[in-house]
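Chain residues, written in single-letter form:
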Amino acid sequence: MADSLLFDAMIYLSAAVVVVPLAQRLGLGSVLGYLIAGVIIGPFLLGFIGEEGDELLHFAEFGVVMMLFLVGLELEPRLLWRLRIPILGMGGAQVVASTLVIGGLAFFVGLHWNEALAVGMTFALSSTAIVLQTLNEKGLMKTAGGQSSFAVLLFQDIAVIPILALLPLLALSHGGGGADGGDHGHGGGALENLPAYLQTILTLGAVAFVVLAGRYLVPKLMRVVAATRQRELLTGAALLLVIAVAVLMTFVGLSPALGAFVGGVVLANSHYKHELESDLEPFKGLLLGLFFMAVGASIDFKLVAENPLLVLGLVLGLLFIKASILFIIGRSFKLGLDQNFLFSLGLAQTGEFAFVLLSFIKQEGILPNESVALLLVIVAISMAATPLLMLFNEKVLQPKFGTLERIEDNRPADAIEDQRSVIVAGFGRFGAVVGRFLGANGVQATILDNDSDRVEVLRKMGFEVYYGDATRFDLLESAGAAEAKAIIIGLATPEENLTLVEVVKKHFPHLQMVVRSFDYMDTYELMDAGVLHIFRDTIRNGVAAAGEALKLMGHRAYQVEHYAHRFLEHDTKALRSLAAVRTDEQEYQNMVRTAVSDLEQQMRSDLGPYRTPQGAGWDSESLVEEYGE
Amino acid sequence: MSNVLLIFAHPALESSRINKVLIEGIDQISGLHFHDLYQQYPDFYINVQREQELLLQHDTIIWQHPLYWYSTPPLLKQWIDLTLEHGWAYGSRGVFLKGKKLLSVITAGGSRKAYETGGSNQYSIHEFLRPLEQTANLCGMTYLPPYVIHNTHSIGKQDGRKIREAYHHFLKGLIAGEILPEELSHLSYANDLTPSQLLNNQ
Chain A
1 MADSLLFDAM
11 IYLSAAVVVV
21 PLAQRLGLGS
31 VLGYLIAGVI
41 IGPFLLGFIG
51 EEGDELLHFA
61 EFGVVMMLFL
71 VGLELEPRLL
81 WRLRIPILGM
91 GGAQVVASTL
101 VIGGLAFFVG
111 LHWNEALAVG
121 MTFALSSTAI
131 VLQTLNEKGL
141 MKTAGGQSSF
151 AVLLFQDIAV
161 IPILALLPLL
171 ALSHGGGGAD
181 GGDHGHGGGA
191 LENLPAYLQT
201 ILTLGAVAFV
211 VLAGRYLVPK
221 LMRVVAATRQ
231 RELLTGAALL
241 LVIAVAVLMT
251 FVGLSPALGA
261 FVGGVVLANS
271 HYKHELESDL
281 EPFKGLLLGL
291 FFMAVGASID
301 FKLVAENPLL
311 VLGLVLGLLF
321 IKASILFIIG
331 RSFKLGLDQN
341 FLFSLGLAQT
351 GEFAFVLLSF
361 IKQEGILPNE
371 SVALLLVIVA
381 ISMAATPLLM
391 LFNEKVLQPK
401 FGTLERIEDN
411 RPADAIEDQR
421 SVIVAGFGRF
431 GAVVGRFLGA
441 NGVQATILDN
451 DSDRVEVLRK
461 MGFEVYYGDA
471 TRFDLLESAG
481 AAEAKAIIIG
491 LATPEENLTL
501 VEVVKKHFPH
511 LQMVVRSFDY
521 MDTYELMDAG
531 VLHIFRDTIR
541 NGVAAAGEAL
551 KLMGHRAYQV
561 EHYAHRFLEH
571 DTKALRSLAA
581 VRTDEQEYQN
591 MVRTAVSDLE
601 QQMRSDLGPY
611 RTPQGAGWDS
621 ESLVEEYGE
Chain B
1 MSNVLLIFAH
11 PALESSRINK
21 VLIEGIDQIS
31 GLHFHDLYQQ
41 YPDFYINVQR
51 EQELLLQHDT
61 IIWQHPLYWY
71 STPPLLKQWI
81 DLTLEHGWAY
91 GSRGVFLKGK
101 KLLSVITAGG
111 SRKAYETGGS
121 NQYSIHEFLR
131 PLEQTANLCG
141 MTYLPPYVIH
151 NTHSIGKQDG
161 RKIREAYHHF
171 LKGLIAGEIL
181 PEELSHLSYA
191 NDLTPSQLLN
201 NQ
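Here the protein sequences come in this chain order: A and B.
The working numbering puts the first residue of the first sequence at 1, with every later residue one more than the last.
The working numbering puts the first residue of the second sequence at 1, with every later residue one more than the last.
Simulated from the structure, these hints should not be mistaken for lab results.
Please note that the accuracy of each hint is not assured.
Stated by the list, open to error - Not the full set, but computed from the structure, chain B residues with beta-carbon under 7 Å of chain A:
(1) S15
(2) W88
(3) S92
(4) G109
(5) H153
(6) G173
(7) G177
(8) L180
(9) P181
Note that beta-carbon positions come from the ideal geometry of N, C-alpha and C, so glycine has one too.
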């Protein structure tokens with residue numbers, strides 16, 4: 001058993017590792033890569049996946065739950081509130097219109113009205129997994145089209161609940177709604193036998209519990225876990241969080257994806273946000289990859305080969321109808337042409353929910369097995385077609401129609417907050433000053449700190465600080481390092497600073513680094529590492545204090561200002577030459593001596609009678625010599 | 001009676017020959033507020049509100065500075081740029097300086113002759129001071145003839161003391177109301193007022 005598990009894991013991972021980079025290189029994107037990998041290892045090519053593909057699909061859909069949790073994390077409640085009009089308006093219009101049109105067509109083809117309605121509702125929904133993953137990958141989440149897509153997907157996820165409630169009324173079921181609730185956990189869950197009012201109360205109670213726990217319990221728990229300083233325990237806690245929400249939601253018969261989304265939104269203000277993000281990101285990515293592979297493997301090519309025209313016609317028809325409806329909605333909600341193409345082509349496929357519903361329909365014998373198989377193929381192909389449609393949009397439509405409306409791209413995103421452009425790593429006394437000064441000038445930095453107690457205190461004081469080890473690549477990434485312009489590094493020790501510098505150089509070479517150093521030695525090391533903006537801990541402060549003393553002793557303030565500049569200039573120069581020879585002890589000591597005596601000489605001449613440093617223009621001595629008495 | 005705000009701008013007082021002497025004991029003169037710009041704002045970050053309050057509290061404003069390249073030292077220019085705001089110092093609502101007197105006290109290396117047509121500087125001090133004069137006009141202030149000390153490169157210790165005494169005497173006269181601005185207006189330099197004229201007034 002264990003052997004076969006490892007063997008399967010090896011197959012999936014090698015397919016992914018081989019095919020996805022190839023697809024990326026060809027500009028197809030990772031989603032299409034996974035789908036192709038799935039087709040290759042599927043029953044119709046290499047045959048590594050057989051019947052267990054369906055099971056795999058259900059398991060892998062947990063990736064969708066995680067994705068929605070992560071999406072929720074990025075979406076603070078007030079931002080969600082701002083999205084309410086697109087969610088209800090666009091989402092509502094899309095679900096209703098698509099259901100009616102697709103259902104209507106099914107009715108004309110000869111289905112009974114209630115079956116037609118069920119088919120309509122099934123095909124009205126789109127694939128959260130494919131759309132969000134593709135949008136994220138292309139960096140389009142924050143465009144108007146991406147936002148609208150997200151709003152519609154969110155509404156669809158909510159719509160799943162009433163749809164499930166409707167299905168039994170359509171007499172498709174005899175009360176076995178929960179039997180197949182693997183995926184989004186749709187179906188009555190464990191509460192089925194309770195009276196309706198009790199079910200409602202428990203359901204609402206569960207949602208309230210998620211909200212309250214997210215607000216009060218989870219931060220406490222995370223703090224306790226963080227205090228152990230065991231990385232894997234934090235990852236475990238993050239996983240536990242999402243799984244617990246999913247289990248709870250399934251128990252009360254709600255969509256776990258929706259529950260996870262709510263949980264995410266509740267935690268969006270938490271300072272563990274970036275930590276959770278970076279912990280869950282790889283799991284989400286792998287599970288989604290698995291999911292896409294499973295979709296690819298589930299395409300029944302035998303069926304396609306038997307009825308190529310029928311399948312092609314149905315897929316194209318479905319995509320065309322859905323895209324047209326979406327396009328009209330996009331237009332009436334004033335999306336620009338290029339954004340509207342992204343929106344309408346992106347959401348034209350059928351979602352993963354259809355797999356559940358169709359197997360359910362098959363089980364109930366509502367439609368003949370062949371028809372169900374045909375519909376399943378259409379679902380899978382429409383999903384697989386999405387990355388191709390996006391590619392078509394990107395390469396063909398946008399260059400033709402997009403250019404005219406480029407300005408719209410520059411419009412500030414409506415809901416999801418823009419990534420902040422400065423990251424402050426380390427929020428000790430140094431970082432606190434940095435953060436305050438940036439904030440006072442309207443630059444809201446993303447602040448990272450790995451002292452959970454301090455984070456707690458600072459949070460209470462109103463600073464937006466996130467808990468986590470800033471030297472970790474994944475935490476930096478979820479803090480938005482890829483989009484940020486600069487990082488200010490002021491961690492607790494020189495070693496940590498250097499580690500972070502190396503991580504930034506390796507993974508985010510575009511990021512400008514401003515680094516605080518402690519003493520000469522680590523300053524040299526930072527110089528060697530190529531850091532351009534180094535701020536030594538005490539030098540400026542020491543010079544300022546000495547300058548104040550000089551003023552008290554009667555020196556003119558403006559001269560002291562010049563002395564200070566000159567001193568710092570000299571010191572920096574000396575530091576550079578010292579850095580070059582510091583490995584040679586003898587040479588280094590010679591150099592130190594020279595530097596010190598140079599400086600002394602300079603300072604002496606600074607203070608000499610009638611000498612104005614840097615002020616020869618104001619020096620009247622030579623004038624007196626020439627024109628004086 | 002009038003009270004005087006003396007705004008002093010010298011970036012290199014350490015190497016000054018005459019200004020250093022001129023301001024010796026100047027803060028002892030009652031009715032005069034000595035305001036050393038380079039000492040107050042070495043980083044050029046000027047507290048505009050405080051400067052405007054100081055201006056409001058005084059009737060006569062003096063700008064004392066060496067003539068550098070026929071102009072003011074940079075900090076005084078910065079002070080003018082920032083302090084004399086539109087809507088405060090000039091413009092339809094900028095009435096707060098109206099009626100005040102403005103006097104330039106200038107030290108220059110060149111002789112009076114050098115500041116004439118054909119001299120090495122070609123133009124008169126008055127012509128070089130036009131921007132300051134018009135600044136005063138725009139703010140509704142009366143620009144008095146400048147108090148100019150020439151030949152600063154050739155002034156010895158003894159001369160310096162005499163010049164200082166005359167200058168301080170002049171300032172006290174201005175404060176006491178013994179020297180009236182109207183009497184100065186026909187002069188070329190404010191310090192053309194002869195000692196006897198000063199004595200007569202006393």
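Results for each hint:
1. S15: holds (5 Å)
2. W88: violated (26 Å)
3. S92: Status violated, d = 33 Å.
4. G109: holds (6 Å)
5. H153: Because about 4 Å separates B/H153 from the closest Cβ in chain A, which is inside the 7 Å limit, the hint holds.
6. G173: violated (30 Å)
7. G177: violated (34 Å)
8. L180: Violated, about 35 Å.
9. P181: Violated - the Cβ of B/P181 stays beyond 7 Å from chain A, reaching only about 32 Å at its closest.
Hints 2, 3, 6, 7, 8, 9, counting from the list given before, are not met by this structure.
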